[in-house]
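Participant: What follows is each chain in one-letter form.
There are 2 protein chains.
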Amino acid sequence: MSEKVFKYEKLAQSGKARRGRIHTAHGTIETPVFMPVGTAATVKAIKPEDVKDAGSDIILANTYHLFLRPGHELIERRGGLHKFMNWEGPILTDSGGYQVFSLSHMRKMTEDGVTFRSHIDGSKQHLNAEISTQIQHSLDATITMAFDECTPYPATERQARKSMELSMRWAKRSRDAYKHRDGYAQFGIVQGGVYPELRKESIEKLKELDFEGYAIGGVSVGEPEDKLCGIAEYCTDHMPEDKPRYLMGVGYPSDLINSVSYGVDMFDCVLPTRNARNGSAFVSTGVIRVKNEKYAEDDTPLDENCDCYTCTNYTKAYLRHLFKAGESFGGMLLTIHNIHFYQQLMATLRQAIEDDNFEEVSQELLSRVR
Amino acid sequence: MSEKVFKYEKLAQSGKARRGRIHTAHGTIETPVFMPVGTAATVKAIKPEDVKDAGSDIILANTYHLFLRPGHELIERRGGLHKFMNWEGPILTDSGGYQVFSLSHMRKMTEDGVTFRSHIDGSKQHLNAEISTQIQHSLDATITMAFDECTPYPATERQARKSMELSMRWAKRSRDAYKHRDGYAQFGIVQGGVYPELRKESIEKLKELDFEGYAIGGVSVGEPEDKLCGIAEYCTDHMPEDKPRYLMGVGYPSDLINSVSYGVDMFDCVLPTRNARNGSAFVSTGVIRVKNEKYAEDDTPLDENCDCYTCTNYTKAYLRHLFKAGESFGGMLLTIHNIHFYQQLMATLRQAIEDDNFEEVSQELLSRVR
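Here the protein sequences line up with chains A and B, keeping their order.
Under this note's numbering, the very last position in the first sequence is 400; numbers go up by exactly one each time.
Under this note's numbering, the very last position in the second sequence is 400; numbers go up by exactly one each time.
Isolated chain A (complex conformation) (with noise of 0.2 Å):
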């Protein structure tokens, strides 16, 4: 098979968590997979080597950021994002309609998509499905994500159909402005609230559109962790066999084990990225606050069983002081550790997978890790 093809192959399948291979135009992704978030151009605080090391495939940057600062057209002059910030693997762009509702000022709905004002410098600004589409692909990404609206949690059915059916709307502008290119790809958004019938109704639509991708939207904005995961296992109920399901945003190592039973395939969150620079490790026992005072002289690793740089080489008692004196390599060895601890679970699940015995270890890993 030509590494050029965009292609989800399945490789096994334990119940119905499935362990898979993404080809595409930068190389292949081993699934389930997490990708670490790399917001404005940089996985925050470590290099890209490091996120390699740790054993990640792809990554996630975020349009809204890339957007207004630097720009995609400066990012597209450069000969994209991969060359821009030296990760020559596989990214995927969100589409910045959740990065609109959640960051920018000033919000301005209407049928053809946002007007806000950017919460860097408060200057107004559009997104919409052709935009957003555009820039995706000035920065070259590998898989584009359609623009949507994130569905607010809670809203009423009326509210969640209405807003459905504009992403809907949208999804169909976003395909339509997309450009095909040959190992890359482009996923449309399941969105539907908590309602079954909407999220169905929705998957059907973007099935229409033959996406080469498909992902669940709008979860993980405040809902119980119950309706998540029964959200994320209707979804997969229901999303094509043969394509990546990547359900957005997502989450706790806890999270990421149940949503691999139902068959998710792809995750991003900025959990390990952004705890690690608060002082929270994520560990096989839990989650560690290295600023505890009970780790002063504390000589031990984060994790006994990790075998990251991190642990390899610092203590919990160094960890401690270097966060207290407020030195930002502290978060870069969090980081490298946390990146690290969720790669290591993915390839977990994964091995799990082929052995056929998914059940089992994740349930012993659901009764440590939070």
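Hints were generated in silico from the structure; no laboratory data involved.
A couple of the hints might just be wrong.
Each computed SDA-like pair below joins lysine to any residue, with the alpha-carbon atoms no more than 20 Å apart [said to hold, decoys possible]:
hint: 1; chain 1: A; residue 1: K324; chain 2: B; residue 2: R107
hint: 2; chain 1: B; residue 1: K354; chain 2: A; residue 2: S153
hint: 3; chain 1: B; residue 1: K257; chain 2: B; residue 2: G293
hint: 4; chain 1: A; residue 1: K113; chain 2: B; residue 2: R107
hint: 5; chain 1: B; residue 1: K354; chain 2: A; residue 2: H95
hint: 6; chain 1: A; residue 1: K34; chain 2: A; residue 2: D240
hint: 7; chain 1: B; residue 1: K82; chain 2: A; residue 2: N343
hint: 8; chain 1: B; residue 1: K235; chain 2: B; residue 2: A326
Chain A regions said to be covered by chain B (calculated; three or more residues, Cβ under 8 Å) [as the list claims (entries may be wrong)]:
hint: 9; segment: 249-262
hint: 10; segment: 359-368
Note that the coordinates shown come from a computational prediction; the quantities given were computed from them, not determined experimentally.
In this text, a Cβ means the ideal position worked out from N, Cα and C, and glycines have one as well.
Please arrange chain B on chain A, whose structure you already have, making use of the hints.
Facilitator: Frame of chain A, contents of chain B only:
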């Protein structure tokens, strides 16, 4: 020669410039040497491996900072600073005197030492020759500095004499408090302000104490550059031939080149690391402020002649973006470059001395660098 004997070995000379090697318990140091500053048990923003890969043989750590946080006894219980911070090579610690005078509040000087309030939590603290020497012992410093008062500039000859004589009494007490260990060293610090006779007297007093090395203190405290050069040249002319000579807290590349020409062997300065975090890069043609608008679409590296990690992989356009976006990765990349630049400069000077064409090489360098 045993690696465990602390010894300065002169390998070559060109004019007054010396090419040497210092043998220590933690490895050898090629001189003239630049020591990156690792104030709080980290060379800010980068990994120890990056420090080493840039060509650094030895780093400096600050006694004042580590005394206050996390505390030298805590570090001693961790097995010393090398193990704590994952740096196996030699470490030089300052005496804490300079920082007490530049950072702390409510200082009160007596014959014994100095009482002050911590800049971190306002707690009342006391440092003197014995305590400073003990702290550096607890840290397991390869090179311990004698406790001194940094004579301010300007100072009358009378003030400078009084200050120098106090520092010499403290030097004697520091020497008495120092515990000799194979491969370790203690350096005395020459004071005397801008007054040659006082400097000479200081050197004579220190030589009586037979330190393993000698430092020129009280420079780079606001005096004009010609005074700095004058002091450095005068002192080196009177310092022992068979011991390392260390010019404290200096400086710009041009200061280093000039001082090496007088026979100085060792340097430390926060400039390459601090300026990096502020967006200033030292390059073979001077200094680059990467935030400058003119680099927005500049696809060239910081320095075409540099083979550091940063220059190999990133453009000025990308670095400018990182600084404009407030991304700490920008500070990391400039720190890696600036330390590499300083170490390459030192390597060039060492080679020039070996080739006995130091005058020619240094003049060419001085015509370009800052």
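Participant: Taking the earlier hints as the rules, which of them does this structure contradict?
Facilitator: 4, 8, 9
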